[in-house]
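Chemist: Starting from the two chains in their separate frames, assemble the complex, guided by the hints.
Protein chains in written order, with the working numbering: chain A, 137 to 418; chain B, 554 to 926.
No false leads were mixed into what you were given.
Just so you have them, the derived chain A footprint on chain B, three or more residues with Cβ under 8 Å: (1) 655 to 661; (2) 677 to 687; (3) 698 to 705; (4) 712 to 722.
In silico DSS-like links for lysine-lysine, alpha-carbon gap of 30 Å or less: (5) B:K709 x A:K250; (6) A:K172 x B:K686; (7) A:K250 x B:K686; (8) B:K606 x A:K250; (9) B:K745 x A:K250; (10) B:K686 x B:K745; (11) A:K172 x B:K709.
The calculated label-pair distances, taken between Cβ atoms and stated as ranges, are: (12) B:R608 x A:F306: 45 to 51 Å; (13) A:M356 x B:R608: 32 to 38 Å; (14) B:P647 x A:W328: 27 to 33 Å; (15) A:I403 x B:Q832: 46 to 52 Å; (16) A:Y177 x B:E637: 47 to 53 Å; (17) A:A171 x B:E811: 41 to 47 Å; (18) B:S718 x A:H412: 34 to 40 Å; (19) B:E811 x A:V342: 58 to 64 Å; (20) A:T416 x B:A917: 26 to 32 Å; (21) A:W296 x B:D737: 56 to 62 Å; (22) B:L618 x A:V175: 39 to 45 Å; (23) A:T297 x B:R720: 49 to 55 Å; (24) B:K606 x A:H412: 18 to 24 Å.
Read the hints as simulated data drawn from the structure, not as lab findings.
From the three backbone atoms N, C-alpha and C, an ideal C-beta is built for every residue, glycine too.
What follows is each chain in one-letter form.
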Amino acid sequence: MPTLTPISEKSGIAGLLDAGERHFGLFFDYFSQYAKVRVSYRGDFFISLATSFAATIFALSFVVVLFQKVPQLAGWRFEEVLFLYGFSLIPYGIFNIVSLNLYDFGNNYIIEGKFDRVLLRPISSLFQVLFETFRIESLQEVATGVFCMWWATRHLGLAWTPAKVAMLFFFGLCAGIIYISVFLILSTVSFWFEDRIGVHPPVWNVMAFGRYPLSIYSGMVQFFLCWIIPFGLASFYPSVRMLGRTISPQYAPLVPVVAVVFLTIAISLWNFGTRHYSSTGT
Amino acid sequence: MAAAPVRLIRGPASRAFVQHQRRAPVNARIPNRMSADSLIHVQELSKHFRTFKRREGVWGSIQNLFVRDYRTVAAVDRVGFTIERGEMVGYIGPNGAGKSTTIKMLTGILVPTSGEIRINGYVPYRQRRQYVKTIGVVFGQRTQLWWDIAVIESFKLLRRIYDVSQRDFDARMEHFDAILNIRDYLHTPVRKLSLGERMRCDLAAALLHNPPLLFLDEPTIGLDVVAKDHIRQFLRAINREFRTTVLLTTHDLDDIEELCRRIMIIDHGKVLYDGHLAQLKQQLLRTKQIKFALKDRTQAGCLDAFSRDGLEVDQVDELTYRIRFDRVKVSTSGLIRKILDAVDVRDLLIEDEPIEEIIKRIYAGEAHLEVSV
Ligand SMILES: Nc1ncnc2c1ncn2[C@@H]1O[C@H](COP(=O)(O)OP(=O)(O)OP(=O)(O)O)[C@@H](O)[C@H]1O
Ligand SMILES: [Mg+2]
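So that you can see chain B by itself, here it is in the shape it has in the complex (with noise of 0.2 Å):
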């Protein structure tokens, strides 16, 4: 199946949607990123969560009852940022980072042990029927849709409770098979479906009420490359069309490449890096690799003359090395005729760092970030 490229049809379909846009005259804007005009406010954030050591067997369990030896985990800590109308943010981290936690927080699901939040005028936890009508949520590993029945019987149920007319009801579905083909198994009962269809389903499911705002929690998880480019598609397209504002975790950079021009990373419950994917890597893009693979591996011993000069040398496999080095301070065309003149080459690559391996390094504290915002 081959994608084709996503366009929002104009016309009876796009009426049903409001355009989540309120022009600012043009000498308003305020350059200040804590604009009163932001959509997300979070300041100092914290999730701590108070998890105890469970006694196995029965006895165990009735000491449970009485006795806990309790432990504090801040799975989110400290976090503040701001995100303004129509952003796309892709917010990641490593597993246990406080990702679904802060998620859980800004859609209403958790109440944050402290800090603030103010999302669109309303505090989540606080106001939350009338906060959850303005967001659509979701959870890429759980589905918000009813188990038992075709999913147009769930669709048919949330219009009822979102409270949406069957005019625009209509239109929206229309327009959601357009983009997401879900046409096929609007008939299904959600436990028949297979994770891609689910997805889709669950992302029209999300949006049935046209929010302003869409939370997702990674979206593209266990998906193929075709149901990955789709959702990417329907992203931008909403994103591009009606300006709504997405905050989006995911582990496939991918995702972040393609549809986020701001990031936020965050580990052990704490911010290590807001702001644009391209200034991250120009900053960290000072780093690039040489990979080169050996004639024979009784060369190798003559490497050892590099790491004396302060270079890394790591062994990718068998006969191919790789060797990371910063740019400023070593040229590039030296160290090429370096290698040259130490071993014999069979094959060479220069790359520049890849996105993965800067994040990677960042997870492991080993590359140093400003935070700016």
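Chain A on its own, in the form it takes in the complex (with noise of 0.2 Å):
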């Protein structure tokens, strides 16, 4: 119960751990709220899960033909591009499943001025952003990522033992809290600069480069998708990984790194993005 006296949070990790928990399981009531409107509206679910499933379809069809023409690419074949594209779709699918939100925030949020009513609430304003509404129909691009690793790999030949299962969910983890990271950054920039169209579309358009082999591009793309935008590392090198293929340098113990550094990167801008928020006038 509120009361006069300030309320005694606990501090440091102690603290730390306690709002960790509380949204936790704030998590857990934001998703039934969204998805009690979703079953409200089942038929809509339904279209948009279809589509959204001819579209991965469509997409992975590409790979299928283009190796009908040629039987390698890059030195890989069919079988082991298929894995390192279903390995994409992961990290993929769990942004689409949170990006909803971030694709339109400057629009929705600053230049509405919706982010007020998130800012009075008393959880975390990143939170309330990215929980607030879901695409769950995203599941299929994840479950068809999962079900192109396993075919491949049964084509392959190889085995998944428990330790490239604990790598598939760590790295699908890592690969995906990259993705997410830098779409956050990129929404930041709606705090200092109001306009309404975003830079997230070219960027959206990169994570298509994450799908094949990074050997297959020249230098200075295989640098900026490792380093700068790293939607190439984040796949590439976890997948070389669990395919035991024998590369040189082998990047996939810094992709945990990566994805620390640029989620740290993430949050600070955003704290530091809403001290900027200007609301609106009226």
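Modeler: See below:
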């Protein structure tokens, strides 16, 4: 019960854990809120699921067609590329599930002033923006990705050891964090520049580059995909590791580091940006 | 729908509320308004907005990226005040005066350009998450509820966000329903509610966590008489029963007359008046007005004599005229006699200047006020 004396919040690590636990619980509340809305518009959900699945299959068929013309891609066989492609669908799907609000952040929250409401709630503003809505249809991207990987490993004769499954989860999560962080960083631009279009669309297209072996690109592009917008790094090196290919340098261990660095930058920029939020005139 | 007088129910419902009051020992009351016990401290508070002129068209928007003509607006300009616990303060001013901007700084939405805010021991924008637990906010212009889901779902989510126990939640819901009659539309999505219904829900949502401090930005905007009355009664009731401190902005001066003893008038970002409404009236109610209707238009010329005597004569409509005068300097009966002598009058009315007129003159810079605190 709020009283007139300041509420004593635990500080330091204890406070952080406390806040973490609260937000973790709230995640399910937010999600069930979203689910209720979707359930009440079931027809809409199924149509949207069907179209997004069709889009995934359409994009995937490009790889299949490509390999009917060429036997290999920079030394990579069809199954291997399919594995990589499948793995890259996992962070892509994770990103899509929570990206809906990020993608329209500048318009919806900054220009329309919806961010006012977010700042009035006693929980993290970033949490609210990410989890106020979802695009749960994008689970089909994750599922398709897993299916591609499973199919590829069967034809390559690779076994799924528990260690590999753990690796898949770990790298999938890291890659997801990298994807989300990159778009978060782009979204924070809206705090300073209130332009409606935003910078997301061109970067969104870069995601497709991460689905193919980095070795098919020139050095400049490789550098860009590893260290500037690391979609390539996030999916290529973990796949190489899981496929057991020998390639140097092996950057897989750097993936979690890059994930942490990008997430830290994103959160810092976000917190800094909220101080620049100027709301609207009305 | 007749609005029954509002009384807060004692008993199980009111156990869910704390009295937001800390009794000071009788002799320890500090008369100084800047006492440490004040709930809200604001000092030299300013907010400047930098806006730029947008160019049109494709080429224009490319130019916009690189070259911008900035203009700085001082929306709030070195404002200072303190508000005590349990006060209900009206914050008024013409459009663009800086009311909403002030509220947004006080609620932690905007970071001030300069100056100090201390509320209930918090600096709003710095300790945002803890601070907002202790306030309730209603923006009349925009709902704080989720647009697509039933009101009750919004309330349930807010319960979780504010960590309100189920018991308190149920008690408060019952309580709000008793005063605001919200039960009927709890299961309707917010986007389908009328403005008045939505406002009641917003008010209930803002008080779900029983905050000691309530900010309202135009809470009665666009409401009909009954809805306005409901909301006013509700505010009066929570202020009386729980000592909830209320700061509200409005363009409806009836809100102020019915709710607030103290008003602050702001214009161009500066506080023009801060004091009791009654004092403001006393200070400015030296002005009285006589309205009279002429029998026919031909006599209008005779009124020039009054203007020559230094009295203000305004034409209200075709045959009706109004004379404003300072009752200290001019005797009312003498003036009436003069009018009756000069022209044939069909009707005559003597009145105090309505508060709207006073405020209008303050906005127009005609009335001179000492800022009394
Ligand atoms: N986000 C913003 N960006 C730029 N200028 C702003 C912004 N918000 C407010 N202003 C400007 O600041 C001034 C004060 O605005 P504010 O909204 O505080 O006025 P107000 O007193 O609430 O008026 P109203 O009665 O019309 O609601 C106005 O000149 C407005 O144009
Ligand atoms: Mg306003």
